Amino acid sequence: MSEFEPNIVAFLCNWCSYAGADLTGTTRTRYPPNVKVIRVMCTGRVNPLFVIQALRQGADGVLISGCHPGECHYLKGNYFARRRFTLMRSLLEFIGVNPLRLRMSWVSASEGKKFAGVITEVTKDIKKIGPLKSFKREIL
Amino acid sequence: MGKTKVGVYICHCGVNIKYSVDVTELSRFASELPNVSVAKDYIYLCSDPGQELIRNEIKEFNLSHIVVAACSPWMHEPTFRKVLKSTGINPYCLEMANIREHCSWVHEDSEKATRKAKSILAAAVAKASLLEPLEEKEVDVIPAALVLGGGIAGIQAALDIADTGFKVYLVEKEPSIGGHMMQLDKTFPTLDCSACILTPKMSDVGNHPNIELYTYSEISEVKGYVGNFKVTVKKKPRYIIEDKCNGCGICVSYCPVEMPDPFNMGLSKTKCLYIPFPQAVPACFVIDPDYCRYTLRRECKQCDPVCKDLKAIDLKQKEQFIEVDVGTIIVATGFDTFDPALKPELGYSLYPNVITGLEFERLSSASGPTTGDIMINGKKPKNVVFIQCVGSRDKSIGNEYCSRVCCMYTAKQAHLIKEKIPDAKVTVFYIDVRAFGKGFEEFYDRVKQEGVIYIRGNVSEVYKRGDQLVVKAEDTLIGELVEVETDLVVLAVGMVPRNDSSTVNSLLKLSQSSDKFLLEAHPKLRPVDTASDGIFLAGCCQGPKDIPDTVAQASAAAAKACIPLSQGKVTTEAIISQVDEQLCRGCGFCVEVCPYEAIELKSIERYGQTVEVAAVNEVLCKSCGACAAACLSGAIQQKSFTDEQLLSMIASLGEYYE
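Top line first, the protein sequences correspond to chains H and W.
Under my numbering, the first residue of the first sequence carries the number 1189, and numbering increases by one thereafter.
Under my numbering, the first residue of the second sequence carries the number 1440, and numbering increases by one thereafter.
For reference, chain H alone in the conformation it holds in the complex:
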C-alpha cells in the first residue's frame, strides 16, 4: 500500500502569505504538493465555517496563514484570525476532531523560504496524525 498523502487546504492572505508563496515559486524552492491554496484578501475573512467545511469535504488538515502580528494590511484582520483559530481548535476538540489538524502561521511577502518550510512541516505533521475518517462527505 502506498504511503498516506494528506489533503490540506490553505487559506492565504493576499498581501503576505500568498505573495510569500509566490516568492517560494520564483526562487524555485521545493515543497510537497499536498497543500491547495485558497486566496483570501485577509485571514480575517476566514469564516470558521470554511474550516469545518474543508474538513467535511475530505481535507485532513487546514492551514491559515497571514501577515505577522502588527503587520496586517488591514490593521487587525490577523488578530481576528488568531482569536478564531484558538476558538476553532477548541471546537474541533469538542466535536472529536484532533485540533492539531488546524494550523496557523505567519509568513510575510518576503519569506518564501519560510513558506516552503511551513508547508513541509504541516504536511509532515498531518501525515503523522493520519487520515480524517469520521468526518467525511457522507454527512453533507
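Everything labelled a hint here was simulated from the structure, so no lab data went into it.
Since the structure is predicted, the reported quantities are computational estimates derived from the model, not experimental observations.
Incorrect hints may appear among the rest.
As the list claims (entries may be wrong) - 30 Å max Cα-Cα, derived DSS-like pairs, lysine-lysine:
hint: 1; chain 1: H; residue 1: Lys1315; chain 2: W; residue 2: Lys1551
hint: 2; chain 1: W; residue 1: Lys1606; chain 2: W; residue 2: Lys1984
hint: 3; chain 1: W; residue 1: Lys1675; chain 2: H; residue 2: Lys1264
hint: 4; chain 1: W; residue 1: Lys1955; chain 2: H; residue 2: Lys1302
hint: 5; chain 1: W; residue 1: Lys1551; chain 2: H; residue 2: Lys1316
hint: 6; chain 1: W; residue 1: Lys1757; chain 2: W; residue 2: Lys1948
Following the hints, position chain W against chain H.
Relative to chain H, chain W alone:
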C-alpha cells in the same frame, strides 16, 4: 444575466509551466468541468496573440466568465482583466488559477504537479462560475503629495513634484533637511564637495512656492486611500518661533548647557540651543529639550531675554498637530549606519581611535570639529587602517546584503588621507572590492596608484599592544596572518534600516523584505511602488544605494507619484462588502470588527416594521472581508469572495482529493 459559460485558458509560459504540468491533459480535464464551454492551452497567453485568442473566443462562444490558469494574480490579473473589459465583459468575471508559482515552479514530479494543477484549476472554475460583475467608481484626487524624509531622496522627490506644479508637504524629523548627505565631506568618485552640491537643492526646497516644509516633525496618523490620504503631522516644539528667528545666533552665547553635537556624530560639543549646521534649512535655531535646563527642570531661561526685539524664543511652545490632505505619499526615510559595537572584536567601544566611516567624514570635513584636519588626539595619524564590510555581508550579525557604498567611500577616504597626510601609510582590509558604478573602477585604480595598500582578508581583532593599536587579520591571498600597527582604524560601516522605522511602517502599512528594508511591489518592474496604491519608495529606506542611484530613484518615485495627481481621478476598490438587507439582523458585529469604521447601522422599513440593518460606506471600505467572517446570518458579503464562492472552491477541492 444569461447562461454561465466559462472559458478556460491554460498558459504554457514557454516551458515554465509546461515542463512539469501536462498542459494538454489539463486542458482536456478542464473541458469536462461543469459550466466550461471551451478550454484551450497556449504557449504565452500574456502575448498579443494569446490575448487575441481569448478575445476571439469570448465572442465566438459568447463566454460569460474566464479562467486563466497561468502565473500569480499578482502578475497578470490586471492584463487579463483588461482583455475582458475590451471585449465587453465585466473585468471581475475573471479568476486566475496560479499553476506556476504555486505549482510548476515548486513541484518537479510531473504526475503530482499535473494532479495539483487540476485541483487548482477545478476550484478556480467553481469560483469563476459564481463571480458577479462589479462596478468600479471614480473619485477625485487631491492634487498634492506628501514626502516623508528630507534627505537627498526626499529633497529630489519634493522638488520634482513641486516643479511639475503640485503642492508638496515635506516632512523631516530633524531640525533641518539635508540628511546623511549633508554630513559627508567629499563624494566618490568625482570628489565633489557633498555640501556644495546639496545646499543649492536645499535652498530650492526652502524657497519653492509649492513646497511646504515641516521640519522637526513626524507623521502620527494616516487615513484614507490613494487620491485622498489624510495625514496628521506632529510638529515637535523647537522652542524657537520659526517665522520670527532670523538666525543671528546671539542667544547661543548665553546658553550655558553643552551637549554632544549630533551633526558631528558627537565628536565635538555644541550648545543645547543650536543650529544643526550653518547652511541649515530652515535657518532657524532649536533647543534640545533633553538637555535644556528649562525644559527639564524649569530653571535657567538665560536665552529668553536676549531675543528681546524679535521675541523668537518661546520656551512654552507645545507640539502641534497639523492635518494635511494629499493624493500620494513618497517614503524617503533613509537609513542608519551599522552600530559597530555589535562587533566587539573591532574595538569600537574600547578605543577612541577606532571610528566609523561617517565619523571620518566629519573629521575630514571643513565644517567638522577639526575644520578638516585629520587629527587623532591632537596628532596627525601616520598609519591608518580601513576595515571594510563592517555590518555588511556578515551572517553572524544577520546582515547578508552588501551595502554598496562602503568599498567606494573607503577608497575615497583613503585618497583623502593621502591628500592631507601624504606620508601616511594607508592599509585597506577587504573581502572583495565592488567598484561597479560609472567611474568607480577608474577611481579605485587611482587610489591604488597613490600607494594605498589593499590586503584581502577579514579582520579578526583590533587590540592594543602597549600604547599601539594593532589590527590582526588573515591575508587570504597568501594564507598568512598579518598584524598591522596603526594610529587610526576606520570601520567601513554599512547601512541598516532605521531603528525608528517601525512607526512609519505600521502607519503606512509597508512591508519589509528579509533584510528589513522596505519592500517594493516588484523587484524588477515596480521598484519604487509599494503594495499600497499611491505610496512610493525613494532612497535607502528601500535598500542601500549611493547618491546617484538615490537621486534617480527619487525622481522615479516623483514621476510615479505624479501620475494619479495628473490624472485627477482614481478608481476605487470594486471588491467591497455589500449587505443583504433582507437577511441582516442588525446585530452590529460587522460594525465592531470593521477596521476602517466603514459600516454603520441604519434604519429601514421591513415588512411594515422599522429595523436596523448594516450599511457599508463604499468609499471607506478597503475590502478585507472581516465583516463577512463575523456575520452570523451571512447577510454581509465581500464581493468576489462571498461565502458561496469560497465554499464552492472548498467543495471543488474535495471532489479531487486522492
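Comparing the hints with the structure gives:
1. H:Lys1315 with W:Lys1551: holds, 17 Å
2. W:Lys1606 with W:Lys1984: holds, 28 Å
3. W:Lys1675 with H:Lys1264: holds, 29 Å
4. W:Lys1955 with H:Lys1302: OK: Lys1955 (chain W) and Lys1302 (chain H) at ~15 Å, within 30 Å.
5. W:Lys1551 with H:Lys1316: With a Cα-Cα distance of about 20 Å, the restraint between Lys1551 (chain W) and Lys1316 (chain H) holds, given a limit of 30 Å.
6. W:Lys1757 with W:Lys1948: holds, 29 Å
In summary, this structure violates none of the numbered hints.
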